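Chains as they are written, first to last, in this note's numbering: chain A, 1 to 87; chain B, 1 to 300.
Incorrect hints may appear among the rest.
Once the Cα atoms are required to be at most 25 Å apart in a straight line, the calculated DSS-like pairs of lysine-lysine come out as [to be verified]:
hint	chain 1	residue 1	chain 2	residue 2
1	B	LYS300	A	LYS72
2	B	LYS300	B	LYS226
3	B	LYS57	B	LYS8
4	A	LYS72	A	LYS23
5	A	LYS23	A	LYS73
6	B	LYS300	A	LYS73
The hints are simulated quantities; they were obtained by calculation from the structure and are not laboratory data. As the structure is a computational prediction, the values presented were derived from the model and not from experiment.
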Amino acid sequence: MEIFKLILLLLLVVCAVCATLSKRLLVSVIIFMAYSLVMSIVWILLESPDLAITEAAVGAGVSGILFLMTLKKIHRTEIETEDEDQD
Amino acid sequence: MKIKTKIKEFVEQSREWTESFSDMSEKRDLPRERVRREEHMVDRLMEEKAGHMGLLKWRRLYLVLATVCAVTLIVVLLTTVAMLPVFGEHHEYMDTVAQYYIDHALEETGAMNIVAGMILDYRAFDTLGESFVLFTALNCVLILLRRDFQEEYRLHDYYDLTRDPILRRVGMVVIPCVVSFGVYVMLNGHLSPGGGFSGGAIFGAGLIFLSLAFGDDFAARLVSEKLFKGVAAVALGFYCLAKGYSFFTGANHLESGISLGTPGSIFSSGLILPLNVAVGFVVTLTMYGIYRMFRRGSFK
Chain A
1 MEIFKLILLL LLVVCAVCAT LSKRLLVSVI IFMAYSLVMS IVWILLESPD LAITEAAVGA
61 GVSGILFLMT LKKIHRTEIE TEDEDQD
Chain B
1 MKIKTKIKEF VEQSREWTES FSDMSEKRDL PRERVRREEH MVDRLMEEKA GHMGLLKWRR
61 LYLVLATVCA VTLIVVLLTT VAMLPVFGEH HEYMDTVAQY YIDHALEETG AMNIVAGMIL
121 DYRAFDTLGE SFVLFTALNC VLILLRRDFQ EEYRLHDYYD LTRDPILRRV GMVVIPCVVS
181 FGVYVMLNGH LSPGGGFSGG AIFGAGLIFL SLAFGDDFAA RLVSEKLFKG VAAVALGFYC
241 LAKGYSFFTG ANHLESGISL GTPGSIFSSG LILPLNVAVG FVVTLTMYGI YRMFRRGSFK
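Given only the sequences and the hints, what does the whole structure look like? Please build it.
Given below as structure tokens:
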């Protein structure tokens, strides 16, 4: 069990560092969602299942979707300005 | 005059750079080395320009200051963490409160889940503030991202996933499970881990999935703007009526008069169940509303 905990904590650190250092934003968001999943398992190990449920739903689900949609919007605005320039 | 032309030049050049950047992001299969070389060139050009305009010094100072601030913050935070009591160990100050909750929460609040008893009975006042924080966040998003109804959204503003057969099929199976699990967590908050916040988050995630898989029009028919506003107002208003008086009584609670029931049955623990449902609906609507605003800017 101790080894499992250590592996999870190491994964947390690795995910946190990778999410900030990765060049592409999409990769960052996906690593961030993975971080939230690992964190929810850690919450269960720390005996707080309600936090684990919330973390899994909000961290890995909803905020990930919002980030992805924002990324999509950023690309789209670039296309829009190009169209306007052509007009 | 000279400065003006210089600034104009700078602006034009930077516009060219950004355009070349956007081109680059679309051609992802460019050889890596070329991309890196171009990035390097742009960096050098930027530095030159910054040096011309006397900005380079400030940038260095900024870097030094940022490093100093970050290191100070890290040291302060790490020392604070080091001074915390070890996880799971007894501590004289913390134990008195925690022990009180463990000993008396069940008989005083009637909730099997002591956490629910704490956040919705002893500290219901606190949770009222939290749900208002959520509601304020939703309002800010509404103010910032809402579009005029008359304005038709352009077709290319909008990406459609509803023609994806995999997403629809998976959605048909998964969405009912997600939504019913969310409702279960919400209603069972006083009996099992969970409660309004987690249940509402799950319910909201289910609604977002529904909206993604079956189209925004379908979701808009299910959750109209009227329903959205009505449910949010009723949920928050009910919570305010139930616990808002604490502002005037100095955080002292009055007896609700509702019997606590037998601990463990679904109708027990007085006001905690309806409060859980109210908080759950507020969280659900916050999640779903923020998603709608990000996506389309209206509830239609």
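Hint-by-hint comparison with the structure:
1. Under the criterion of a C-alpha separation no larger than 25 Å, the hint pairing LYS300 (chain B) with LYS72 (chain A) is consistent with the structure, at around 21 Å.
2. For the hint pairing LYS300 (chain B) with LYS226 (chain B), the CA-to-CA distance comes to about 11 Å; that is within 25 Å, so the pair holds.
3. A threshold of 25 Å between alpha carbons decides the hint, and for LYS57 (chain B) with LYS8 (chain B) the separation of about 22 Å falls inside it, so the pair holds.
4. Straight-line distance between C-alpha atoms of LYS72 (chain A) and LYS23 (chain A) comes to about 17 Å, which keeps the hinted pair within the 25 Å bound.
5. Between LYS23 (chain A) and LYS73 (chain A) the alpha-carbon distance is near 19 Å, which keeps this suggested pair within the 25 Å criterion.
6. Distance check on the hinted pair: LYS300 (chain B) and LYS73 (chain A) sit about 19 Å apart at the alpha-carbon level, within 25 Å; holds.
The structure fails none of the hints (numbered hints given earlier).
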